[in-house]
Amino acid sequence: DSGVTQTPKHLITATGQRVTLRCSPRSGDLSVYWYQQSLDQGLQFLIQYYNGEERAKGNILERFSAQQFPDLHSELNLSSLELGDSALYFCASSVGTGKETQYFGPGTRLLVL
Amino acid sequence: DAKTTQPTSMDCAEGRAANLPCNHSTISGNEYVYWYRQIHSQGPQYIIHGLKNNETNEMASLIITEDRKSSTLILPHATLRDTAVYYCIVRVGRGSSGDKLTFGTGTRLAVRP
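So the protein lines, in turn, are chains A and B. Under the numbering used here, the first residue of the first sequence is numbered 1, with each subsequent residue one higher. Under the numbering used here, the first residue of the second sequence is numbered 1001, with each subsequent residue one higher.
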């Protein structure tokens, strides 16, 4: 158990819908990262927040957005969902920035029908 | 971040040492070598990391060559539970592009009974 929690574990929805994935980092961790893992793309970095502020963006679609709240939990919002958004979404956290080790949550499996 | 090259798949017998190689010939002086593994579709699990010295923890040992162009992850006594995809990642300690992990395709390790 990494100490990172993600909800829900599974999500099934329809195209065009909007969903919110939630992540609670390990106690004391200020950085939160979101990654997407699809069959054809592998594990891809989406976005990073540090202490409430966006720190880095990866290949995140404009239909996707995220935020980190004052209690440091984070939410990833996916809208106008398409079949290709079906994937595993992982959250990771680290103490700070730089070379600190990232610890991953169990993931949310999203299926868009 | 430097690109890494790993064999697509490997296998070893249960109880024997598993030696997983990684090539990172373009690594820079300030880049660390990290190893993660992913068991089935679970969240990636941190194993070990190092800069230039060999490292050991309760899970594995990391051997980095003197020129730092390659490394080997050693699982001293592999068990069936070690069957997973192993990712070798090279990353800077602190970068302007944030602190993301760039995952390649990894090595699929199968431990045989």
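Keep in mind that the hints are not guaranteed to be accurate.
In silico BS3-like links for lysine-lysine, alpha-carbon gap of 25 Å or less [said to hold, decoys possible]:
hint	chain 1	residue 1	chain 2	residue 2
1	A	Lys57	B	Lys1069
2	B	Lys1003	B	Lys1069
3	A	Lys9	B	Lys1003
4	B	Lys1003	A	Lys99
5	B	Lys1052	B	Lys1003
6	B	Lys1003	A	Lys57
7	B	Lys1069	B	Lys1052
8	A	Lys99	A	Lys57
Hints in this document: simulated from the structure, not taken from any laboratory.
Taking the hints in turn, this is what the structure says about them:
no. : hint                  : result
1   : A:Lys57 x B:Lys1069   : 29 Å, violated
2   : B:Lys1003 x B:Lys1069 : 11 Å, holds
3   : A:Lys9 x B:Lys1003    : 32 Å, violated
4   : B:Lys1003 x A:Lys99   : 17 Å, holds
5   : B:Lys1052 x B:Lys1003 : 17 Å, holds
6   : B:Lys1003 x A:Lys57   : 20 Å, holds
7   : B:Lys1069 x B:Lys1052 : 10 Å, holds
8   : A:Lys99 x A:Lys57     : 17 Å, holds
Checked against the numbered hints listed earlier, the structure breaks hints 1 and 3; every other hint is satisfied.
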